[in-house]
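*Asks:* Sequence:
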Amino acid sequence: MDMRKKIASLLTVIILCTALLTPASASSAAANYPPPFADELYCQAVYMLNLDSNSEVFAKNEQAQMNPSSLNKIMTCILALEEVADPDTETTELKAYIQNELYNLGVTQLGGIYMGEPMTIRDLMYAMMLQSANEAAMMIADYIGDGDIPYFCELMNKKAKEIGAKNTNFANPTGLYAEENKSTAYDLALIVQYAMQNQDFVDIVTTRTYTSQPTPNYPNGISWVSNNQMQNPSDTDYYYEGLKGVIPGALTELNMRNFASVATRDGYSYLLVVLGAPITNEDGERYKTNLAWFDTNRLYNWAFETFRVKTLMDIGEEVAEVGVRLSWDKDHIKLLAADKFASLVPNETTEDSLETFVEIDKKYTEVPVKGKKGENSPDTEKFIDAPVKKGEEIGHVKLMLAGEEVGRVRLVAAESVEQSKWLYYVDKVKSFTSNFLFKFVLTFLIVLVVLYIVLMIIRNRNRRRYQMRRRKPPAR
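Under the numbering used here, the first residue of the sequence shown is numbered 1, with each subsequent residue one higher.
Hints listed in this document are in silico derivations from the structure and should not be mistaken for laboratory results.
Glycine included, every Cβ here is placed at the ideal spot set by N, Cα and C.
There's no promise every hint is true.
As the list claims (entries may be wrong) - Computed list of lysine-lysine pairs in DSBU-like fashion (alpha-carbon distance at most 35 Å, straight line): (1) K382 x K288; (2) K330 x K390; (3) K288 x K334; (4) K166 x K182; (5) K334 x K421; (6) K363 x K310; (7) K310 x K166; (8) K330 x K421; (9) K310 x K362; (10) K390 x K334; (11) K60 x K158; (12) K159 x K60; (13) K398 x K60; (14) K362 x K382; (15) K362 x K334; (16) K288 x K330; (17) K340 x K288; (18) K398 x K166; (19) K60 x K95; (20) K159 x K334; (21) K421 x K390; (22) K340 x K330; (23) K340 x K362; (24) K182 x K158.
Unchecked claim - Derived DEER-like restraints, expressed as beta-carbon distance ranges: (25) D339 x Y287: 46 to 54 Å; (26) V358 x E82: 45 to 53 Å; (27) D283 x E253: 31 to 39 Å; (28) V107 x P150: 12 to 20 Å.
With the sequences and hints as input, model every part of the structure.
*Replies:* Structure follows, in structure tokens:
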């Protein structure tokens with residue numbers, strides 16, 4: 001296996017592992033530290049993802065619908081890889097209606113395929129992704145759609161929704177201008193991340209040059225060279241070491257350049273989508289620089305130089321204490337981190353930069369905190385009830401950085417605490433006697449007793465008076 005394939009394989013492993021990550025109910029810490037040149041970016045929309053932590057790094061208008069241009073071809077390639085059983089042997093030809101449509105549109109971005117010439121689906125994928133060959137994209141769509149390209153577009157949109165790209169509508173397999181062809185930087189990042197899980201896709205988009213199988217008109221095959229100059233070592237203006245794929249796009253009709261890519265350096269990997277970098281300035285003069293690649297270069301340099309994945313909390317780390325009731329042995333126990341938490345953060349971040357907020361999930365009782373002289377203070381302390389088992393989940397800690405929650409870690413008991421049966425029953429009695437119903441019934445009974453006593457007193461007094469009147473001799 002040559003070095004290129006080793007790198008491509010490593011990249012696939014990184015992205016496959018990333019796809020299995022479930023962010024721990026956290027937002028990205030890195031997302032709170034935008035690049036200092038954010039307002040100077042030429043592109044209209046950006047979405048950047050760190051693949052090591054599966055976390056957002058930077059976003060700008062990431063949900064704004066824009067024309068994806070040739071980035072449509074990513075989805076066309078996904079369907080070719082998933083719908084065609086054997087792309088090395090299954091072939092199709094360039095049909096007249098495809099050639100005529102492209103000719104009438106004045107399309108020049110082609111792969112040099114002759115009409116009627118049989119091409120394997122794999123060769124067409126390379127032509128499409130390396131040289132952005134539009135006839136190759138339409139040939140794939142025609143083949144999978146059984147001659148019905150609109151049906152193929154339905155498959156594209158269905159797949160997009162499955163991936164999670166909810167604000168995407170593909171109008172064609174090529175990315176040629178169509179008003180209804182829309183996506184977002186966020187959606188396209190999801191699609192690229194999904195595509196890069198397929199080793200065949202990685203092999204295609206990380207290839208610099210490719211030669212097709214021999215054809216009647218090309219006995220030695222057709223050679224295609226990638227138009228992604230950022231992965232061309234001989235291009236001193238744009239080459240970016242560590243960048244692999246995916247595909248650039250441009251639409252003169254909308255004065256925009258787009259680019260989707262993945263880059264790896266020093267063990268860190270990022271996925272980046274930039275949309276809407278201008279081709280010409282306000283005076284209609286063409287920029288000498290590809291501004292989509294210019295922005296991509298700046299964003300990758302900033303990310304690689306600014307962030308590191310750091311462990312902010314280790315498994316078993318002591319985080320807090322909580323009070324314990326109903327035990328003679330312990331009145332407090334330590335709470336330990338049940339998981340390791342690492343996040344992509346700025347280089348200068350330390351554990352001291354982190355704020356922690358403990359929340360008790362186990363049923364607890366709030367007890368007033370005694371002041372210095374024994375009086376109750378406005379503060380309260382939370383007490384959990386024994387018994388407690390070592391390793392039992394008690395609550396969680398919120399991790400805050402720069403005022404934003406970056407993650408949560410479960411908290412478990414550091415030791416077991418036995419319950420005192422005597423304290424348990426005393427507590428039950430206290431709980432029962434402090435119950436509202438008990439107090440109401442007790443008060444009611446007391447009132448009844450008092451009324452009974454009063455009535456008895458009155459009755460006895462009346463009885464004595466009556467008896468005294470009977471004993472008194474009658475007057476003569």
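*Asks:* Taking the hints in turn, state whether each one holds.
*Replies:* Taking the hints in turn, this is what the structure says about them:
no.	hint	verdict
1	K382 x K288	66 Å, violated
2	K330 x K390	13 Å, holds
3	K288 x K334	63 Å, violated
4	K166 x K182	11 Å, holds
5	K334 x K421	23 Å, holds
6	K363 x K310	33 Å, holds
7	K310 x K166	33 Å, holds
8	K330 x K421	14 Å, holds
9	K310 x K362	30 Å, holds
10	K390 x K334	10 Å, holds
11	K60 x K158	26 Å, holds
12	K159 x K60	25 Å, holds
13	K398 x K60	27 Å, holds
14	K362 x K382	10 Å, holds
15	K362 x K334	14 Å, holds
16	K288 x K330	74 Å, violated
17	K340 x K288	48 Å, violated
18	K398 x K166	30 Å, holds
19	K60 x K95	41 Å, violated
20	K159 x K334	49 Å, violated
21	K421 x K390	19 Å, holds
22	K340 x K330	27 Å, holds
23	K340 x K362	21 Å, holds
24	K182 x K158	14 Å, holds
25	D339 x Y287: 46 to 54 Å	49 Å, holds
26	V358 x E82: 45 to 53 Å	47 Å, holds
27	D283 x E253: 31 to 39 Å	18 Å, violated
28	V107 x P150: 12 to 20 Å	19 Å, holds
Of the hints listed earlier, those the structure fails to meet are numbers 1, 3, 16, 17, 19, 20, 27, in rising order.
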